[in-house]
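Based on these hints, arrange chain B on the given structure of chain A.
These are the residues of each chain, in order.
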Amino acid sequence: ELKVEQNPLFLSMQEGKNYTIYCNYSTTSDRLYWYRQDPGKSLESLFVLLSNGAVKQEGRLMASLDTKARLSTLHITAAVHDLSATYFCAVVISSTPLVFGKGTRLSVIA
Amino acid sequence: GAGVSQSPSNKVTEKGKDVELRCDPISGHTALYWYRQRLGQGLEFLIYFQGNSAPDKSGLPSDRFSAERTGESVSTLTIQRTQQEDSAVYLCASRLTGGTEAFFGQGTRLTVV
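Going line by line, the protein sequences match chains A and B. Counting from -10, one number per residue, gives the positions in the first sequence under the working numbering. Counting from 610, one number per residue, gives the positions in the second sequence under the working numbering.
Chain B extracted, bound-state conformation:
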């Protein structure tokens, strides 16, 4: 596709359920980032994939959060046993190695009730 695609665009889940968020980066982009943005707040780094290197997981807030990426394709962010504080917009971005611009998807708005 032409841009970074995220799905679903909106997700409402019950507290304690697991959710999986998907990110399709721009084709050929080796770098992929996940960020969380709470209402009215800035962007909080979660995890970063760069090619075949080990991902930088330093931003994951707890062991309930995990993410995977197969090669240079789709990434999934999984949140287990969701809590109300997980409610936020989850943004994915991708960038071409050696490239400069990082392009963001439209985000997934997660609401935990």
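Isolated chain A, as found in the complex:
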């Protein structure tokens, strides 16, 4: 059974600081997703990572994938308040459903 663990689950960080969210998964996967969810809203796709060593960046967010370690990271650079949201990673094996982590609730404070 595929399991996905995220940490931390809650993160309060100051504006301008850097931090990393981690996503570990239990078995070899085909794809790894990062989503953002604002309160009361649906999920917005941020990144899809397909292969070992894949790195994608959008603004202050950068995601990477290490398939050997079964680990993905979402790095936040110089956080701003607008990044406050819950971030989910999700993993897929072949034709299976996306399995989600529990989410990391990020709060960026002045």
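Some hints could be false.
[Unchecked claim] Here are the simulated DSS-like cross-link-like pairs (lysine-lysine), alpha carbons at most 25 Å apart as the crow flies: (1) -8/A to 666/B; (2) 57/A to 6/A; (3) 57/A to -8/A; (4) 626/B to 666/B; (5) -8/A to 45/A; (6) 30/A to 45/A; (7) -8/A to 6/A; (8) 91/A to 666/B; (9) 620/B to 30/A.
Since the hints were made in silico from the structure, they are not lab data. Note that this is a predicted model, so its numbers are computed, not measured.
For chain B alone, kept in the frame of chain A given last:
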């Protein structure tokens, strides 16, 4: 349409009533997923349709829950004899076969009173 559409956006129902939730996937997307998200929680998988294959129903929490999809079009999630613990946001997502991104609808917020 341009994205995944779900209806209704909000539904309040009395305990014991049946409800039907609708999902219109992105045209041409063969994979369709239903998830449940309780307040402040993560996403709980319910059911997955992939083309004409038998659906993966392994996430349905009880026999009160069922879902249908005709071909590669609309899907409906039915909850019979609703209970208060069914209160949640029900999210639908679709994906193109061979594609990578899975796109989510805005969800249906179900409240059982």
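Hints, one by one, checked against the model:
Note on residue -8/A and residue 666/B: the hinted pairing holds, with a Cα-Cα distance of about 18 Å set against a maximum of 25 Å. Between the alpha carbons of residue 57/A and residue 6/A the distance comes to roughly 29 Å, so the proposed pair goes past 25 Å and is violated. For the given pair, residue 57/A sits about 16 Å from residue -8/A by alpha-carbon distance, which is consistent with the 25 Å threshold. A C-alpha spacing of about 22 Å is found between residue 626/B and residue 666/B, which places the hinted pair at or below 25 Å, so the restraint holds.
A distance of roughly 23 Å separates the Cα atoms of residue -8/A and residue 45/A; the hinted pair therefore holds under the 25 Å criterion. For the given pair, residue 30/A sits about 24 Å from residue 45/A by alpha-carbon distance, which is consistent with the 25 Å threshold. Among the hinted pairs, residue -8/A with residue 6/A is inconsistent with the structure: their alpha-carbon atoms are about 30 Å apart, more than 25 Å. As the CA atoms of residue 91/A and residue 666/B are separated by approximately 21 Å, the hinted pair is consistent with the 25 Å bound.
Pair hint residue 620/B plus residue 30/A holds up; C-alpha atoms about 16 Å apart against a cutoff of 25 Å.
Against the hints set out earlier in the document, violations occur for numbers 2, 7.
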